[in-house]
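Working from the sequences, and respecting the hints, build out all of it.
Letter by letter, the sequence shown follows residues 1 to 248 in the working numbering.
If you're looking for bench data, these hints aren't it; they were derived computationally from the structure.
Be careful, since some hints might not be right.
Stated by the list, open to error - Simulated restraints, written as ranges between beta carbons of each label pair:
(1) P85 to T24: 33 to 41 Å
(2) E216 to P136: 23 to 31 Å
(3) L75 to L133: 51 to 59 Å
(4) R239 to E92: 43 to 51 Å
(5) S96 to N40: 37 to 45 Å
Stated by the list, open to error - In silico SDA-like links for lysine to any residue, alpha-carbon gap of 20 Å or less:
(6) K51 to T33
(7) K113 to L235
(8) K196 to P161
(9) K113 to Q125
(10) K50 to T37
(11) K113 to Q163
(12) K113 to H172
(13) K50 to A70
(14) K196 to T217
No experiment lies behind these values; they were computed from the predicted model shown.
Built from N, CA and C at the ideal position, the CB exists for glycine as well.
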Amino acid sequence: MNKKNSDTDFMRQQFLRALQLQPTSTDCEHCITQLDTYINLQLSGEPYQKKMPEVTLHLDICPECADIYARFYELALALATNTLPEPKTIPEPDLSFLSTPQTTPSLPELLQKAVQQTANWLSVQLSELLLPLLQPPPTAFVTRTLAERVRYEEVLLHISPEQLPFWDFPVHITAFRDRTEPSQCLVEVSVLAPGKEWPELAGQRVRLIVDERREETETDPWGVAAFPDVSVSDLPRLRLEIELNEAV
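Structure (structure tokens):
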């Protein structure tokens with residue numbers, strides 16, 4: 001029997017077997033694990049179909065494995081002939097993951113930005129970033145200046161003179177939660193103007209501004225300006241202004 005007749009007989013036998021078989025998942029796994037050897041034989045010019053008839057038969061009856069084989073063969077052929085496709089343009093790599101993560105500004109940095117000084121006024125603008133940094137520890141003691149010590153005990157925020165070294169005179173800003181109305185708070189501004197002493201600190205004008213609310217009062221003889229009934233939810237938008245009068 002010559003080679004042509006032998007090949008024809010082999011193909012006829014494969015065809016008859018293919019008509020009788022249904023591929024299983026085990027057959028697919030077995031086929032895929034042998035595709036590398038099968039394709040290498042094919043590219044080397046070996047009679048790969050006769051050497052690996054089970055793989056050939058499975059590829060004839062399983063469209064899924066046949067598709068995988070076609071993809072593997074195209075890749076192997078491109079590698080063998082050095083004809084892998086190359087992109088026309090290479091996009092810039094996305095290196096954003098290497099960028100330095102943004103860090104939260106420190107309290108001194110935030111206060112430096114929050115404080116503004118004009119010819120006659122000093123102002124401090126609170127913010128969402130600033131408030132958490134102004135909450136004193138639970139054990140911290142903040143001096144109260146009003147008589148209602150029981151009603152206004154919980155300190156929501158406190159700014160001390162040490163945190164404002166760029167101001168020309170000592171100032172304390174404190175917010176106390178109102179125990180009788182927890183959604184409200186008392187805001188106190190305590191000012192010790194240079195050249196003055198207790199109880200001669202009255203008359204320093206202080207303003208509280210938040211949204212449409214605008215209030216103005218003066219410090220008492222102990223240098224305290226008080227703003228009751230301020231909504232706790234308004235604190236992130238609250239601005240305080242302190243007048244620099246001739247006595248300062």
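So, going through the hints one by one against the coordinates:
1. P85 to T24: 33 to 41 Å: Holds: the Cβ-Cβ distance is about 35 Å, inside 33 to 41 Å.
2. E216 to P136: 23 to 31 Å: With a Cβ separation near 27 Å, E216 and P136 satisfy 23 to 31 Å, so the hint holds.
3. L75 to L133: 51 to 59 Å: 58 Å, holds
4. R239 to E92: 43 to 51 Å: At 44 Å between Cβs, range holds.
5. S96 to N40: 37 to 45 Å: 42 Å, holds
6. K51 to T33: With a Cα-Cα distance of about 16 Å, the restraint between K51 and T33 holds, given a limit of 20 Å.
7. K113 to L235: 17 Å, holds
8. K196 to P161: Measuring from Cα to Cα gives roughly 17 Å; hence the hint holds.
9. K113 to Q125: Holds - the C-alpha atoms of Q125 and K113 are around 9 Å apart, at most 20 Å.
10. K50 to T37: 13 Å, holds
11. K113 to Q163: Status holds; Cα separation ~13 Å.
12. K113 to H172: 18 Å, holds
13. K50 to A70: 19 Å, holds
14. K196 to T217: 19 Å, holds
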